[in-house]
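Protein chains: 2
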Amino acid sequence: MTIIFYDIPSSAPGSSWSPNTRKARYVLNYKGIPYKTEWVEFSDIESHCKKLGILPTSTKRAGGGPHYTLPAIHDPSTGAYISESTKIAEYLEKTYPDTPTVFPHNTIGLQWPFNDAYTSLLTPFWMFILPATFEKLHPVSQAYYRTTREAFFGKKIEELMPTGDAATKEWANCKEGLGKVSVWFEKTDSSGPYLLGDRVSWGDFVVASYLVWMRIIWGEDSKEWKDISSWDGGRWKRLVESLKEYETVV
Amino acid sequence: MTIIFYDIPSSAPGSSWSPNTRKARYVLNYKGIPYKTEWVEFSDIESHCKKLGILPTSTKRAGGGPHYTLPAIHDPSTGAYISESTKIAEYLEKTYPDTPTVFPHNTIGLQWPFNDAYTSLLTPFWMFILPATFEKLHPVSQAYYRTTREAFFGKKIEELMPTGDAATKEWANCKEGLGKVSVWFEKTDSSGPYLLGDRVSWGDFVVASYLVWMRIIWGEDSKEWKDISSWDGGRWKRLVESLKEYETVV
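Protein chains in written order, with the UniProt record's numbering: chain R, 1 to 250; chain F, 1 to 250.
The reader is advised that the hints may include incorrect statements.
Pairs count within a copy or across copies, as identical chains cannot be separated in the list.
For lysine-lysine, the following PhoX-like pairs were computed, each having C-alpha atoms within a straight-line distance of at most 20 Å [claimed, not checked]:
#1 LYS94 with LYS187
#2 LYS87 with LYS226
#3 LYS237 with LYS156
#4 LYS175 with LYS226
#5 LYS136 with LYS169
#6 LYS87 with LYS187
#7 LYS169 with LYS187
#8 LYS180 with LYS87
#9 LYS51 with LYS175
#10 LYS60 with LYS94
#11 LYS36 with LYS244
Source of the hints: derived by calculation from the structure; they are not laboratory data. In this text, all values refer to a predicted model and were calculated from it rather than measured experimentally.
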């Protein structure tokens, strides 16, 4: 039976843009598990999850109530509803053990904390990519995105983007952050583009999900994506291209 | 030839207590590489490193100059001087490829960022363990420890330790932090005590180094160590005991 995959739409090519949903989408495609996408606007995620009994993934910063996020999946063959990308990956590993693993060599315990280590280095990107993302959302999701992101940053989305010298400096910080991630890849004694060398795994999907977000939102011909593609010896462009076949949106 | 291993002494049993030096010590013992310890007081680390040409490992928080830390090693067979525990592990892997690896299955790229993900969850411990550590240092190192730690926390070492209800609450935060680390271990589908299941690796040495620090400073019979030993189904005591043979101080 076909898994239902809940993702957030946009006006960008392919519609799917969220790095968090992409992690799960990468895994579904990599494993070759049949699924189809159902699109849920930001503003509908909470009611959608409550209706289906999908668990919240964290606690809201403001007010402290349950926070519902995507990705989520429904697997009709087991009846399961699962939210949060690492939990989805873990569920698919256990439920479909004959598909290719994203946690080879029992590395799940090392891969689990990887996401936080990586995204903490991406912080300088948010002020650039969030306003651009906002522009690509459908109006009903824009309203939700504005409210939540402006509450988090304490300023209007239109004021997030740095300008002039500040932009140059902050963009250099973005490059420095990815440079530190590049060091992790360099440590692997291998010619492969992946964290484990020639063997793709969860950590690569995590890294690539944020890069694909940027490529999709800014576009391949943008100054930003061309910059990123030139950093670290072209590592990021190569990584994303090597995983292109798993970007498919169905 | 015998590697010289530079460690920080104390009045605790075995003298060695620092979690950062223990990471490298674990690796030397695990690999079975001959070494001997030379003890360097905190206050002498900078002059010691400068004299030998050992590189600083970071930048000082105050003033921004080079910050010299231990562990460091000198390998007379190559002439190399290496500082910082992950760099020492990497050096030993490359220089002694016939010894057991601490980065099995090409996991170095995943293991590299593990330390930060782990120690960020240990933050609540600092206010308890730092004052107790101070008590075990030799007087000349105490002076250095006081200056640097008090500058960092903005309060006197004697004021760090919480009391009453605050102590109960902060100790519960310590338990919660290790509980999150326990989840990473639980993910591994194996009966082994290690992050990769039955195969020890760098991440386990990182986790255990901080636990051994606590056991050494507080003592096996302390209320604190008995508490930690009881958490997460006894996971932490089991982990540390399974690595006991690699604690040797020579």
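Hints and how they fare:
Taking the shortest alpha-carbon separations for LYS94 and LYS187, only the inter-copy value of 11 Å comes in at or below 20 Å, while the best intra-copy value is 30 Å. Taking the closest pair of Cα atoms, LYS87 and LYS226 never come within 20 Å of each other, the shortest separation being 33 Å inside a single copy and 33 Å across copies. Taking CA atoms no more than 20 Å apart as the test, LYS237 paired with LYS156 passes in neither setting, with 31 Å inside one copy and 50 Å between copies. In this homomeric assembly, LYS175 and LYS226 come within 20 Å of each other (Cα to Cα) only inside a single copy, at 12 Å, whereas the closest approach across copies is 46 Å.
Proximity of LYS136 and LYS169 under a CA criterion of 20 Å is satisfied in neither setting, with 26 Å inside one chain copy and 44 Å between copies. Taking the closest pair of Cα atoms, LYS87 and LYS187 come within 20 Å of each other only across two copies (11 Å); inside a single copy the shortest separation is 28 Å, beyond that limit. Taking identical chains as interchangeable, the C-alpha atoms of LYS169 and LYS187 are never at most 20 Å apart, the minima being 28 Å within one chain and 40 Å between chains. In this assembly of identical chains, the alpha carbons of LYS180 and LYS87 lie at most 20 Å apart only when taken from different copies (15 Å versus 27 Å within one copy).
Taking the closest pair of Cα atoms, LYS51 and LYS175 never come within 20 Å of each other, the shortest separation being 42 Å inside a single copy and 35 Å across copies. With identical chains, the CA atoms of LYS60 and LYS94 are never at most 20 Å apart, being 29 Å at best within one copy and 46 Å at best between copies. Taking the closest pair of Cα atoms, LYS36 and LYS244 come within 20 Å of each other only inside a single copy of the chain (18 Å); across copies the shortest separation is 51 Å, beyond that limit.
Hint check: violations occur at hints 2, 3, 5, 7, 9, 10; the rest are consistent with the structure.
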